[in-house]
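Protein chains in written order, with numbering that gives the first Met the number 0: chain S, 0 to 400; chain A, 0 to 400.
Simulated from the structure, these hints should not be mistaken for lab results. All values reported here derive from a predicted model rather than from experimental measurement. Check each hint, because a few of them may be wrong.
Copies of the same chain look alike in the list, so a pair counts if it fits in one copy or across any two.
Said to hold, decoys possible - Listed below are the simulated SDA-like cross-link pairs for lysine to any residue, each with C-alpha atoms no more than 25 Å apart in a straight line: (1) K35 - F317; (2) K116 - D59; (3) K364 - E194; (4) K365 - F317; (5) K342 - A52; (6) K132 - E172; (7) K241 - L341; (8) K284 - T113; (9) K48 - M271.
2 protein chains.
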Amino acid sequence: MADFALLKSLSIISPARIILLVIDGLGGLPDPKTGKTELETARTPNMDKLAAAGICGLSDPVGPGITPGSSPAHLALFGYDPVTCNIGRGVLEAVGIDLDLQPGDVVARGNFCTVDKAGLITDRRAGRISSEKCVELCRLLDGAAIWNVKVMVRPVKEHRFVVVFRGEGLSSELGDSDPQQTGVLPKPVTALNPEATATARVANQFLAQAKVILAEHSPANNLLLRGFSRRPGWPLMQAIYKLTPAAIASYPMYRGLARLVGMDVLPTGSTMEEEFRTLALNYEKYDFFFLHIKGADSAGEDGDFARKVAVIEELDSFLPRLTPLNPDVLVITGDHSTPALLKAHSWHPVPVLLSSPWCRPDKVKKFSESACIAGGLGRFPAVEIMPLAMANALKLNKFGA
Amino acid sequence: MADFALLKSLSIISPARIILLVIDGLGGLPDPKTGKTELETARTPNMDKLAAAGICGLSDPVGPGITPGSSPAHLALFGYDPVTCNIGRGVLEAVGIDLDLQPGDVVARGNFCTVDKAGLITDRRAGRISSEKCVELCRLLDGAAIWNVKVMVRPVKEHRFVVVFRGEGLSSELGDSDPQQTGVLPKPVTALNPEATATARVANQFLAQAKVILAEHSPANNLLLRGFSRRPGWPLMQAIYKLTPAAIASYPMYRGLARLVGMDVLPTGSTMEEEFRTLALNYEKYDFFFLHIKGADSAGEDGDFARKVAVIEELDSFLPRLTPLNPDVLVITGDHSTPALLKAHSWHPVPVLLSSPWCRPDKVKKFSESACIAGGLGRFPAVEIMPLAMANALKLNKFGA
Numbered sequence: 000m001a002d003f004a005l006l007k008s009l010s011i012i013s014p015a016r017i018i019l020l021v022i023d024g025l026g027g028l029p030d031p032k033t034g035k036t037e038l039e040t041a042r043t044p045n046m047d048k049l050a051a052a053g054i055c056g057l058s059d060p061v062g063p064g065i066t067p068g069s070s071p072a073h074l075a076l077f078g079y080d081p082v083t084c085n086i087g088r089g090v091l092e093a094v095g096i097d098l099d100l101q102p103g104d105v106v107a108r109g110n111f112c113t114v115d116k117a118g119l120i121t122d123r124r125a126g127r128i129s130s131e132k133c134v135e136l137c138r139l140l141d142g143a144a145i146w147n148v149k150v151m152v153r154p155v156k157e158h159r160f161v162v163v164f165r166g167e168g169l170s171s172e173l174g175d176s177d178p179q180q181t182g183v184l185p186k187p188v189t190a191l192n193p194e195a196t197a198t199a200r201v202a203n204q205f206l207a208q209a210k211v212i213l214a215e216h217s218p219a220n221n222l223l224l225r226g227f228s229r230r231p232g233w234p235l236m237q238a239i240y241k242l243t244p245a246a247i248a249s250y251p252m253y254r255g256l257a258r259l260v261g262m263d264v265l266p267t268g269s270t271m272e273e274e275f276r277t278l279a280l281n282y283e284k285y286d287f288f289f290l291h292i293k294g295a296d297s298a299g300e301d302g303d304f305a306r307k308v309a310v311i312e313e314l315d316s317f318l319p320r321l322t323p324l325n326p327d328v329l330v331i332t333g334d335h336s337t338p339a340l341l342k343a344h345s346w347h348p349v350p351v352l353l354s355s356p357w358c359r360p361d362k363v364k365k366f367s368e369s370a371c372i373a374g375g376l377g378r379f380p381a382v383e384i385m386p387l388a389m390a391n392a393l394k395l396n397k398f399g400a
Numbered sequence: 000m001a002d003f004a005l006l007k008s009l010s011i012i013s014p015a016r017i018i019l020l021v022i023d024g025l026g027g028l029p030d031p032k033t034g035k036t037e038l039e040t041a042r043t044p045n046m047d048k049l050a051a052a053g054i055c056g057l058s059d060p061v062g063p064g065i066t067p068g069s070s071p072a073h074l075a076l077f078g079y080d081p082v083t084c085n086i087g088r089g090v091l092e093a094v095g096i097d098l099d100l101q102p103g104d105v106v107a108r109g110n111f112c113t114v115d116k117a118g119l120i121t122d123r124r125a126g127r128i129s130s131e132k133c134v135e136l137c138r139l140l141d142g143a144a145i146w147n148v149k150v151m152v153r154p155v156k157e158h159r160f161v162v163v164f165r166g167e168g169l170s171s172e173l174g175d176s177d178p179q180q181t182g183v184l185p186k187p188v189t190a191l192n193p194e195a196t197a198t199a200r201v202a203n204q205f206l207a208q209a210k211v212i213l214a215e216h217s218p219a220n221n222l223l224l225r226g227f228s229r230r231p232g233w234p235l236m237q238a239i240y241k242l243t244p245a246a247i248a249s250y251p252m253y254r255g256l257a258r259l260v261g262m263d264v265l266p267t268g269s270t271m272e273e274e275f276r277t278l279a280l281n282y283e284k285y286d287f288f289f290l291h292i293k294g295a296d297s298a299g300e301d302g303d304f305a306r307k308v309a310v311i312e313e314l315d316s317f318l319p320r321l322t323p324l325n326p327d328v329l330v331i332t333g334d335h336s337t338p339a340l341l342k343a344h345s346w347h348p349v350p351v352l353l354s355s356p357w358c359r360p361d362k363v364k365k366f367s368e369s370a371c372i373a374g375g376l377g378r379f380p381a382v383e384i385m386p387l388a389m390a391n392a393l394k395l396n397k398f399g400a
């Protein structure tokens with residue numbers, strides 16, 4: 000789907016509320032000893048009750064066989080086509096540290112690097128300096144004003160950082176300064192079209208100033224920029240769905256992604272207790288909540304089957320907190336699968352549970368991968384979850400006469 | 000799908016016959032007391048027998064979450080992409096009264112309206128005059144010849160009517176005369192491009208003459224036109240499928256839609272008895288029949304669960320009439336769901352049953368929403384029903400070598 004024009008023309012404002020509860024990395028693979036996945040091993044009486052009364056299915060985040068990263072997987076959940084909705088490398092890095100980008104900002108991903116006396120690159124990652132060192136160096140470079148452009152430099156991790164150029168009329172049509180090899184000089188930033196000439200000049204002036212500042216900080220005695228990009232011009236959720244959406248997520252990446260599609264990112268602690276409290280406290284102010292539970296994915300990536308089971312069980316124990324809120328639509332799903340056996344994201348489709356007074360219940364009695372195969376939602380692309388949630392909240396008008 | 004070029008290149012003429020039996024608004028939601036939908040409540044021994052021998056599934060008329068109107072839902076059943084195959088407002092209104100439009104006709108939707116002495120609109124709907132009055136006024140305006148253009152004026156209901164301009168070289172690129180507000184003058188019809196100038200002049204001349212004729216018929220003392228459009232230039236079913244198609248439908252809307260895609264609309268009475276007799280009488284002359292059963296949708300819209308059940312049971316009792324005809328493919332489905340609980344069209348997918356000697360039977364033994372979840376057709380877009388029917392009639396050649 001992702002037919003924004005169609006959804007825009009059909010969506011209406013109403014008091015009905017939707018909660019999209021995303022258990023990161025939910026889908027799994029069976030433990031060979033038991034034949035049961037993490038979700039199937041977990042005791043989940045509350046999700047099972049919801050599954051019995053609701054409708055279930057399996058969704059493909061990007062497409063069958065495609066293992067998604069966190070950003071495309073979440074974009075699909077928000078109803079954005081994960082293949083065509085590209086995010087530039089610089090913006091992705093900024094999103095990952097939850098930077099609040101303005102529409103005109105130009106962002107690049109930065110690496111501290113080591114250069115020799117002739118200026119030739121000897122290490123593109125400056126020996127992977129510590130994250131503390133990165134913070135210190137970014138502080139030295141942050142806040143420059145080059146002509147009318149403000150330059151913000153924010154640390155990410157180890158040698159990685161983000162540079163934001165903020166000013167009027169900037170262009171992101173710029174070539175990288177990172178030559179992606181050692182033994183050569185960093186490249187000057189080039190304008191990829193005439194409109195970008197002034198911005199290229201700003202970037203090169205910044206690089207020249209930074210080189211001077213960093214000279215005495217070997218091994219991080221220079222820097223490289225790549226992936227110049229701008230905040231994508233996608234329509235926001237407010238425009239497509241006429242929702243007032245909020246995000247409750249403790250990891251910066253998910254907060255950043257939620258901002259890109261127009262959500263208010265609510266301040267919250269990182270435990271489930273705190274996230275569910277944030278939801279209850281803000282419940283009157285919004286009609287859409289994206290609630291992100293991170294622990295299952297981390298456990299899967301660590302190959303820790305038992306911990307992933309425990310995270311799912313803990314989450315299940317919080318679901319009765321939603322009962323007094325009585326959302327019109329509750330969707331419980333994952334952004335992708337992260338089987339502990341693979342210790343990585345995977346392509347396996349993700350269980351989806353939709354609970355609403357207007358869903359057509361199926362015969363699924365337990366929320367699990369194998370039960371969802373026979374669910375009434377069938378197997379479907381994750382971008383269709385939002386239209387389904389909107390329909391079940393009676394927030395979509397009839398199409399055509 | 001709706002890949003007309005592909006289907007055109009593969010379809011062949013053969014004596015095999017297809018019957019597409021559409022139970023309008025077939026899909027439902029369970030009665031909370033019994034947990035069964037209308038279709039699940041109905042005793043349908045004949046459909047169940049067909050389901051057991053055939054293959055079943057669930058189809059989405061437009062897409063998951065999208066509630067379709069009757070026209071997009073039927074276009075999808077005929078294999079036309081319901082989102083890209085748009086029908087102009089004027090044509091839709093003409094279709095709704097089963098007007099036989101020629102390809103060059105320009106059609107507008109009309110409203111009788113009330114204007115004051117200064118000509119300002121005081122009521123855009125002329126106090127919703129009676130349908131009888133509408134017929135009388137349309138007769139006064141019908142049949143004008145303006146230069147070489149014949150103008151037909153046909154009543155719809157209350158203040159609504161249709162104007163057809165028939166002549167050479169007309170254009171529908173015209174702005175509305177309806178300003179969509181009161182307290183202002185009707186707008187002159189404007190040409191939206193230079194080719195439409197002559198047609199705009201004809202339309203304005205018609206409006207001027209009509210104003211004189213209507214002057215003494217207050218509250219319907221003027222008229223407003225909008226939605227100028229032409230019969231869509233879609234390929235007809237004859238071209239795509241090489242079929243000789245016929246429609247058996249008693250409601251004007253469905254007859255009109257069938258005409259738009261090239262079907263011969265057969266004269267018929269409105270009862271199931273009469274529709275099935277029309278089918279039998281014309282069975283030798285066509286190789287495709289669209290048979291439309293309206294009652295289930297009306298009952299659903301009225302919120303009358305029991306009446307919808309009764310309509311489905313009545314229809315089931317007529318199915319043995321098809322046995323002697325021995326169609327090569329019989330498809331039984333709905334255009335969309337109309338759950339009595341919602342008293343409206345809905346987004347829920349629609350049960351589909353395909354019976355043919357060449358289908359691969361599944362384990363579905365009963366024709367119902369919940370049984371179809373496990374059907375061999377899976378969950379699929381309604382536009383794929385026609386290619387499936389064609390294939391099962393052995394009317395599609397192999398693609399590629």
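Hint by hint, here is what the structure shows:
1. Taking identical chains as interchangeable, the C-alpha atoms of K35 and F317 lie at most 25 Å apart only when both belong to the same chain, with a minimum of 23 Å there against 32 Å between chains.
2. In this assembly of identical chains, the alpha carbons of K116 and D59 never lie at most 25 Å apart, being 52 Å within a copy and 64 Å across copies at closest.
3. In the homo-oligomer, the alpha carbons of K364 and E194 never lie at most 25 Å apart, since the shortest distance is 59 Å inside one protomer and 63 Å across protomers.
4. In this homomeric assembly, K365 and F317 come within 25 Å of each other (Cα to Cα) only inside a single copy, at 17 Å, whereas the closest approach across copies is 39 Å.
5. Taking CA atoms no more than 25 Å apart as the test, K342 paired with A52 passes between copies only; the shortest distance there is 22 Å, against 33 Å inside one copy.
6. Proximity of K132 and E172 under a CA criterion of 25 Å is satisfied in neither setting, with 31 Å inside one chain copy and 65 Å between copies.
7. For the identical chains of this complex, K241 and L341 are inter-copy neighbours only, at 23 Å across copies versus 39 Å inside a copy, given an alpha-carbon limit of 25 Å.
8. For the identical chains of this complex, K284 and T113 are neighbours neither inside a copy (50 Å) nor across copies (45 Å), given an alpha-carbon limit of 25 Å.
9. When the C-alpha separation of K48 and M271 is checked against a cutoff of 25 Å, the pair qualifies only within one copy, where the shortest distance is 20 Å, while the shortest distance between copies is 43 Å.
In summary, the numbered hints that this structure violates are 2, 3, 6 and 8.
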